[in-house]
Amino acid sequence: MGRNVCIIGGGMSLWGVRQATARDLYQEAGKACFDDVPGLSNKDVDGLLVGSAFTERSNFQTHLAPLVAEYLGIKPKNICCRVELLCASGSSGIILAYGLIKSGLADVILVTGGEKLYTPQRWEVFYSELGTGDHDFDGAQGLGLPPPFFSMVAQKHMKEYGTTEEQLSMVSVKNRRNGARNPKAQFQKEITLEDALNAPPIVRPLKLFDCCPVTDGAAAVIIASEERAREYTDKPLVYIKGTGQASVNNASANMPSMTTWEALKIASQEAYRKAGVKPSDIDVAQTHDCFTISEIIEYEDLGFCEKGEGGLFVEEGRSDFGGDVPVNTDGGLLSCGHPFGGTGIRQAIEILRQLRGDAFKQVEGARTGLTHNLSGLTAAHTVLIYGRDV
Amino acid sequence: MKGISILEGKYAMSMDMYPLQDKSFNRIHPFYDNLKEGRFTTTKCKDCGTRSFPPRVLCPECLSEEMEWVDLPMEGTVLCVSEQLAGVPLGFTPPLIMAHVDLDGELSYLGRVQNCQAGELKAGDRVKVVAIPIESIPAEGKKGAIIEMERVFYVFEKI
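In the order they appear, the protein sequences are chains S and U. Heads up, the first sequence is in the numbering used here, so the first residue is 264 and it goes up one at a time. Heads up, the second sequence is in the numbering used here, so the first residue is 50 and it goes up one at a time.
It is possible that some hints are incorrect.
According to the in silico footprint, chain S covers these stretches of chain U (three or more CB under 8 angstroms from chain S) [as the list claims (entries may be wrong)]:
id	region
1	65 to 77
2	128 to 137
3	187 to 198
Calculated from the structure, these hints are not laboratory results. The C-beta atom is built at its ideal place from N, Cα and C for all residues, glycine as well.
Turn these sequences into a full structure, and let the hints steer you where they fit.
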């Protein structure tokens, strides 16, 4: 079955509208990551994976991994490449690092990811979003910018299951409250339910606080074999226990459903099976709250509650601290922002801290955690399960 | 200002929103040729009968390359509408109205609705598929040749 694989440290740049280049951000993230593992030097790293989706489009930079390696003083010898799955690029890098280390092809891999999305002209990133679905057919319709799509997801979920705008807002209130404690988040300010309900519409029924922002930022983690992990850290070890990544359609014409995410169900079932756990074993989760409706559907399709009860799940506080499974304890995409390639890595860092016991706000006794990304217009889903127990 | 090509009045095809449709660039060019004639079509596998959309050169079910072109319905029923009033992508004017449309049980997809104001379209309304011309932008060919591309695309319109 291969070797045990651990996540042993992580760090991130400040996320937001940054006065910095992409390479500045990777250096900030790398520094924060190495600072988290004082026993490890950049010279100990034998592999590098970089998750970034818009690097060619926003920064005119292809062949990104050797650039990041040079800037971080890493001389990879087992793997040195970029990974792209839009919003799940970073999580994809962690899955690949896990496989490479488990199989013995590498021992210590730094997985980083990030984006520099803001240019002086804000229309550029919106234009580039047209390339994120099936460009020739859906993109050329003007589809690709997420709010119109997720507005339809929300409308349909409200119609099919009675989910309310208040319940959507409750997700953003919870996540903004969590993010207010996170010094690296784009938004570190709490909002009230009234703020959320009275916010200007983006695409109805989605309002300002229902939508994650556009973000510059990077994050990095160290993944290592258990044997090497013990050399570098005396903190509690956190293992990668199971992974799943699934896609059942890409084009809008081939979506099985807008409100039940089949690929998420498949990816999570694979991850649960490999990890030998079930949804009720998850103590803390970071799920892809690109929109408030996304988090509600994720509760359901990850198996935290019955189908259609996602709205009630947040309303009853079951996804908050003290509930069944606290979700997006670091603020999620709604507070931290969403530099595509960075998000999955930011989630892994929060799970690492929660399981290690040194989070900003601790889920007491957490031993098993989960991360989830959706990417594109729900065209792929990525799930990882981490645990203190092998 | 050498080195800043976009400022020399040139157009970057790699930044183009619409696909290159001519047969010199695209093996599914009949989709666009048919669209110019007012037909909305896609490919069907001659071996296993699977109809795919978007059209393609390979059957994703049986991997046959034997494809034929078939007509799709050109009218359908709106299932859901989204209205983007601001921040629409370059190349579009607000309001950008998108609809999830069921083409009479044959196919459903998300598409743009043209000539439609916010509040004008709702679930249950009927729409039709119409072909629209894409403004021709001259591209540079070999030896200074200028290539004019006549292109077309498809959108919905309320009936």
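Verification of the supplied hints:
Coverage of a stretch by a chain is defined here by at least three residues with a beta carbon nearer than 8 angstroms to that chain's beta carbons; for the region 65 to 77 of chain U and chain S the count is 3, and the condition holds. With a cut-off of 8 angstroms between beta carbons, the region 128 to 137 of chain U has 8 residues touching chain S; three or more are needed, and the interface restraint holds. Counting residues of the region 187 to 198 of chain U whose CB lies closer than 8 angstroms to any CB of chain S gives 0, which falls below the minimum of 3, so the coverage claim is violated.
In terms of the numbered hints stated before, the structure departs from hint 3 and from no other.
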